[in-house]
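Since the structure of chain A is provided, determine the placement of chain B on it from the hints.
In order, the protein sequence lines correspond to chains A and B.
The first sequence begins at 1 in our numbering and counts up by one.
The second sequence begins at 223 in our numbering and counts up by one.
By construction, these hints were calculated from the structure, which means they are not laboratory data.
The model shown is predicted, which means the values in this text are computed figures rather than measured ones.
The C-beta atom is built at its ideal place from N, Cα and C for all residues, glycine as well.
Take the hints with a grain of salt, since some may be wrong.
[What the hints assert, rightly or not] Which stretches of chain B does chain A cover? Using the computed rule of at least three CB atoms under 8 Å from a CB of chain A, they are:
hint : stretch
1    : 290-301
2    : 374-381
[Said to hold, decoys possible] Which residues of chain A face chain B? A partial, calculated answer using Cβ under 8 Å:
hint : residue
3    : Lys5
4    : Val8
5    : Lys64
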Amino acid sequence: MAPEKAVVLLDERVSPFGQRVRIALAEKGVEHEYREEDLTNKSPLLLKSNPVYKKIPVLIYDGKPISESLIIVQYIDDVWVHGTPLLPTDPYERANARFWAYFVDKKIYDCGARMLKYTGEAHEEAKEEFMENLKLLEGELQDKTYFGGENFGLVDMAFVPFTTWFYTFEFYGNFSIEKEFPKLVAWGKRCMERESVSKSLQDPLEVYELLAYLIKKKYGKV
Amino acid sequence: MENTLAGIKLFGSWASSYTHRVQLVLKLKGLDFEYVEEELTNKSPSLLLYNPVYKKVPVLLHLDRPIVESVIILQYIDETWTDRPIMPADPYERALARFWCYFADDKLGPAVGAVFGSAGEDQKAAVAQVHENLKLVETELREGAFKGRRFFGGDAIGILDIVLGCGSYWLAVFDEVMEVKLVDPEAFPLFHAWLREFEEQEEVKEIIPAIDRLLEYARGIRQMMLGLKDASTTPATTAATTTTTTDNSSVVVESAGSV
Numbered sequence: 001m002a003p004e005k006a007v008v009l010l011d012e013r014v015s016p017f018g019q020r021v022r023i024a025l026a027e028k029g030v031e032h033e034y035r036e037e038d039l040t041n042k043s044p045l046l047l048k049s050n051p052v053y054k055k056i057p058v059l060i061y062d063g064k065p066i067s068e069s070l071i072i073v074q075y076i077d078d079v080w081v082h083g084t085p086l087l088p089t090d091p092y093e094r095a096n097a098r099f100w101a102y103f104v105d106k107k108i109y110d111c112g113a114r115m116l117k118y119t120g121e122a123h124e125e126a127k128e129e130f131m132e133n134l135k136l137l138e139g140e141l142q143d144k145t146y147f148g149g150e151n152f153g154l155v156d157m158a159f160v161p162f163t164t165w166f167y168t169f170e171f172y173g174n175f176s177i178e179k180e181f182p183k184l185v186a187w188g189k190r191c192m193e194r195e196s197v198s199k200s201l202q203d204p205l206e207v208y209e210l211l212a213y214l215i216k217k218k219y220g221k222v
Numbered sequence: 223m224e225n226t227l228a229g230i231k232l233f234g235s236w237a238s239s240y241t242h243r244v245q246l247v248l249k250l251k252g253l254d255f256e257y258v259e260e261e262l263t264n265k266s267p268s269l270l271l272y273n274p275v276y277k278k279v280p281v282l283l284h285l286d287r288p289i290v291e292s293v294i295i296l297q298y299i300d301e302t303w304t305d306r307p308i309m310p311a312d313p314y315e316r317a318l319a320r321f322w323c324y325f326a327d328d329k330l331g332p333a334v335g336a337v338f339g340s341a342g343e344d345q346k347a348a349v350a351q352v353h354e355n356l357k358l359v360e361t362e363l364r365e366g367a368f369k370g371r372r373f374f375g376g377d378a379i380g381i382l383d384i385v386l387g388c389g390s391y392w393l394a395v396f397d398e399v400m401e402v403k404l405v406d407p408e409a410f411p412l413f414h415a416w417l418r419e420f421e422e423q424e425e426v427k428e429i430i431p432a433i434d435r436l437l438e439y440a441r442g443i444r445q446m447m448l449g450l451k452d453a454s455t456t457p458a459t460t461a462a463t464t465t466t467t468t469d470n471s472s473v474v475v476e477s478a479g480s481v
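Bound conformation, chain A alone:
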C-alpha cells in the first residue's frame, strides 16, 4: 500500500531494533524508503531526527520523526489502523504485551550482551540471569502460536530478531538454547514462516561473524 505521505526509515541492516520496525512495516504492507545509516558517520538527517539518542531506527512519516523501536511499532499500529493489528485490543492484554516487549529490552538483551562481552565471574553471572530470563519468557509463551496468541504482535516483533543471535549466544554461553528452551526455538521457526520476518532478519551465521568480530575488537575476547 503506497501511503499518501512519505515514509522514510533510517536504519542499519544488522540492527535487531531496526528489524522490529521493518517487520512491522511489512506486516502492515507500508511502502517506505529505506535509508542505510553508517553509524560511524551519522547523517545530518539522523542527528536532526533523533537529537536525544542519535540512534537508529528512526521512522519519519510526513516529515515528522519518531525514535525508539517499540514506540515506533506502536506508532505504526496507530497510524495504519486498517492493517494487521500489532497490539491486542483488550487493555489488559495490551498492558501485558507492553510489559513483555520491554522485558525483552531490559532483561534479555541486557544480560545477553553482558554474557557475550564479559569473561570469568561477570560472564557466569550474566549467563545465569540470561537463562533465568529466557525461562520467564518461555513461561509467558507456553504453547501459544505467538506471544500474541493467534496474532503475531508486539512481543513477537520485539524478540524475534534476537533468535538470529541464538547461535552466537550458544557459542559464547556454551549451552544449547534448543535443548533448554525448545518452545522458544519452535516459536522462532514459526515466525520465520512469515515473509515479513524472513525478509527482515539476518542469517545467524552472518550475525555470529559480525558479533564475534566486534567482541574481539572491543573486548579482546575470542
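Chain B in isolation, oriented as in the chain A frame:
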C-alpha cells in the same frame, strides 16, 4: 463522583514518585481505589506475588489481575476508563508522549538519582548530566514539539506532565539537601514555569507529600550514605558499605523515580 465499583487496589510507597503517577491519574479520573503501603526494604508477599519479575511498586490490581510498570499502568488506566483522557488522540502526539516518558525514566530519572548518590567531583559531573537532559526538554518547550503549550498535554495535564511532574519535586528537595542547583530558572525558564503550573494543580497538591516529609526522608538517606562512605577502610567493610550504599541509593532512586 467516585467509582466504588472500579475494583482497584494499588500497592505503592509514600515517597515513590512512580506511585504518585498512578495516584494522580486515578484522582484525575475520579476513581476510587484501595491503597496498600509497601515498605521498600521489607516487601510484602503480595507484592512479590504480583510483581515477581521486578518486585517493585507501583502495582495496580484490577479485577484481581496485576499490572506493573508505572507508564504501562497509566496507559492501562487510560484505556480502561476513557473519561478525562491523559493520552493524546493524535497518533504522532501519542508516540511523542511515549518517547518523552521513556526519556524521563531512561535518562533524566537516573541522572537525578546519580546526583543524589554522589559527592564532590562525581556529583558535579552528575549535575552536568541532569542539565544536559533538562536542556533537551527545554528545547522542545521553546522551539520543538511542545512549543507554546501550557502543559505537555496541551491545556490540561496529560501523561507526560504526570510522568515528568511526579518526581520533579525531588529537584527542590535535592537542591536544598545537597546545595546543588538542578533547575535554574534562568537556564530552564520554560521547564521551571511548567513545573510551577503543574504543582499548582489541585489534584497534584493533594498527591505530592509535604515538602518537609520529603526533606527529612532525603536528608536521612543522604546522611547515611555519606556516613558510610567515610567509614572504615578494610576491604570487607568497604564491600559491605558499597552494597548498602547502592541499596539505599537505589531505594531513593526507586522512590525518586523520574524527575
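Legend entry - Minimum beta-carbon distance criterion (8 Å), Lys64/A to chain B: Check passed: Cβ of Lys64/A comes within 6 Å of chain B, closer than 8 Å.
Legend entry - chain A covers the stretch 374-381 of chain B, three or more CB atoms within 8 Å, holds or violated: With 0 residues close enough to chain A, the hint is violated.
Inset, instruction - Mind taking a look at whether chain A covers the stretch 290-301 of chain B? Criterion is 3 or more residues with CB to CB distance under 8 Å. - result: holds (count 7)
Inset, instruction - Report holds or violated for the interface hint on Val8/A, using the least CB-CB distance to chain B and a cut-off of 8 Å. - result: violated (15 Å)
Legend entry - Interface hint compliance - Lys5/A to chain B, C-beta minimum distance less than 8 Å: Hint on Lys5/A: violated, closest Cβ of chain B at ~11 Å, above 8 Å.
Hint compliance for this structure: hints 2, 3, 4 are not met, and every other hint is.
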